[in-house]
Amino acid sequence: MLVLYPAVIGALIGFAVSNPTAKPKVAIYTGVPIGHSVVTLGGQKIDVSRYAQELYASITPIMTSSPAQAVADVRSGEALAALIIPSDTVKQIQSLIATGEGNPIVRVVLNDRNPLERDLVQQALQTRVNAVQTAISSQLLKTIAADLQLVLTGGKISFLGHSLDLLGLRNTRTIVQGAVTSLPAGSSLAPALGQVVRFANVAIDGLALAAPEITSVGTPLTIDQTELSGKTTPTASYAIAIAAVVLLMFVTLLLASGMLALERSENAYRRLIGLLRPSQLLAEKVVLATLCALVLTVAMSAILSAFVAIDWSRFGLWVLALGFGGLAFASLGVAVGALARDVSVASLLAFMISLPIAFIALVPATAVSGGLATALNVISFLFPFRAALQAVSNAFNGIAPGIGLPLLHLVGLTLVFAVLARAALTRFADR
Amino acid sequence: MDGAGTATLSAVALTRRFGKRVALSDVSFELARGELTAIIGPNGAGKTTLLSILAGALPPTDGEVRLSEPQRPRGRDPGRRGLPRGSVGWVPQQPALYSKLSVAENLRLFARLESLADPEAAVARMLEQTGLADRHGDQVGKLSGGNQQRVNIAIGLLSEPTVLLLDEPSSSLDPRQRARLWEFIAELAKLGTSVLYSTHDVHEAQQHADRVLALEDGRLVFAGSPAEMDWDY
Chain A
379 MLVLYPAVIG ALIGFAVSNP TAKPKVAIYT GVPIGHSVVT LGGQKIDVSR YAQELYASIT
439 PIMTSSPAQA VADVRSGEAL AALIIPSDTV KQIQSLIATG EGNPIVRVVL NDRNPLERDL
499 VQQALQTRVN AVQTAISSQL LKTIAADLQL VLTGGKISFL GHSLDLLGLR NTRTIVQGAV
559 TSLPAGSSLA PALGQVVRFA NVAIDGLALA APEITSVGTP LTIDQTELSG KTTPTASYAI
619 AIAAVVLLMF VTLLLASGML ALERSENAYR RLIGLLRPSQ LLAEKVVLAT LCALVLTVAM
679 SAILSAFVAI DWSRFGLWVL ALGFGGLAFA SLGVAVGALA RDVSVASLLA FMISLPIAFI
739 ALVPATAVSG GLATALNVIS FLFPFRAALQ AVSNAFNGIA PGIGLPLLHL VGLTLVFAVL
799 ARAALTRFAD R
Chain B
1156 MDGAGTATLS AVALTRRFGK RVALSDVSFE LARGELTAII GPNGAGKTTL LSILAGALPP
1216 TDGEVRLSEP QRPRGRDPGR RGLPRGSVGW VPQQPALYSK LSVAENLRLF ARLESLADPE
1276 AAVARMLEQT GLADRHGDQV GKLSGGNQQR VNIAIGLLSE PTVLLLDEPS SSLDPRQRAR
1336 LWEFIAELAK LGTSVLYSTH DVHEAQQHAD RVLALEDGRL VFAGSPAEMD WDY
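Sequences listed follow chains A and B, in order. With the working numbering, you'll find the first sequence wraps up at 809, consecutive numbering, no jumps. With the working numbering, you'll find the second sequence wraps up at 1388, consecutive numbering, no jumps.
Take these hints with a grain of salt, some might be off.
Listed next, the stretches of chain B that the computed footprint assigns to chain A, with coverage defined by at least 3 CB atoms under 8 Å from CB atoms of chain A [unchecked claim]:
(1) 1205-1219
(2) 1249-1258
(3) 1265-1271
Everything labelled a hint here was simulated from the structure, so no lab data went into it. No experiment lies behind these values; they were computed from the predicted model shown. All C-beta atoms in this analysis are idealised placements derived from N, C-alpha and C, irrespective of residue type, glycine included.
Chain A with its partners taken away, still in its complex shape (with noise of 0.2 Å):
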């Protein structure tokens, strides 16, 4: 056992590290018409639609017919995610472009339930979305860079509709200088002067072409990005909720099965088990070993309060959160303690199944894909772990949809184990 399960542990990590990451699902929604996602720079066209596809190849799109279908995406949990294109944002951009006027926003809607689920597609909707701004600005710095070199070397530019000739600043200096050194009374000047002052028009034209360019160069595009709820958890307090889960998991699961072991070990289970139903024995335990651990918790979080804001008005809602989840652990003790026999056994065992199942738990379901994503689902369904963090999570941020039915999954973890442990102790007290 002391060599499986290092290697069991060591291997899950190990894939879960290697495998490779999936893509988030995304509901998708754009408004902009199929024809209509060019933007012209200067003489330069972008497809913004072409960064689009860049953007599919980082998540699992679902395409939307409406705005409303992607937010319903992500509220179902069908995707992570929703990323909203209105209709007027290639507009916007050529406007931004072109007179520094402009607004184009994206909008992203982030599910709620899980810190580091949004963490994770936030940073991948953020990387591409990133990755159009750069792709833009590039364009925009290029056809600046052309500008300026017009300005400074002359050449011909296009503008309203008729074809012009741009001196550019070396042939004004060797024109002015020319005339400089020809100035002799009687030269004619006017044409040359002439020519300096339209290419000081042109040039001051040109440069006021830029200003807006440049202005739009660091971010085009706006992001307006919300939760679900309106509400979200912070990535603070859900630290808190894990630490609080993992300390209630650790002190009910070594309490609940070491003092059923105890009483095993110390002989005393038979003579109590004269006195006592099995069930009744069983159920004391849990109760205890949870109501220390809950004790503990508490005490725990309300420490922890005096850093990271939690609202205190939902204590209620903690307590009950922790007590459920406690319940569930405390139960899934004792069944380690009937099997065991023995404290030292049962504690070691306690430990060897906390860590998995916390480590599996809090792997966010689009870090690993397929298969072993819907494994690590399954482990964690049958485990407190999950729906505990889930309830007491909710319980300190009052996040929809509540903790209704992480409780009721905690009730029915509660009494499977219950019934495997009072099983376990009938196949073991009778030997």
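Chain A is already provided as a structure; the job is to place chain B on it using the hints.
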């Protein structure tokens, strides 16, 4: 001995199976009030299984255990596994004690679990009766094997049972401690408690039993006085 000969416990066709293995097969007998009865038999004969069933710690697969009304009922609750609470005291082979608790704390805990009307009085009585009054505050884990066995027996006697069951009570004791133990048990029997104990020691059964039950492969092969027993069998 007042009331001697009255059956305090009847085992009726007791059978216990663990899967396909038959640990006890159709065992029937009665215990009379104040009778000292020894169960003998080799390892695996079914002695501990029989005692566990009689104590209510293990349900029989078939058969039943009948008890006369306890003369000194102490329990408030209905009995465990159908046995009236307080009517049977059980002393397992290994001391069933919490080693980190003191002698008095162990007695108090089990007195409460027995739902005795006055747990403190029962604790004081048993400390006195077992000669452990001066050791009441000592941690059980630090007591000698003999004293641990005395605490173990004291717990079995807390409810002043009409029947006391002891599983190899002298197995871990030295000769001097054994002598004191049998003195103590004989005194209990004189006071009217039916005592049933298991042992490997033939001499013990010959010297300290009014009646002997011999088990072999889960079957009762002999029931009678030590004088009637073929000890060479």
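I'd like to know which numbered hints this structure contradicts. Please list them from smallest to largest.
Violated hints: none at all, because every hint is consistent with the structure.
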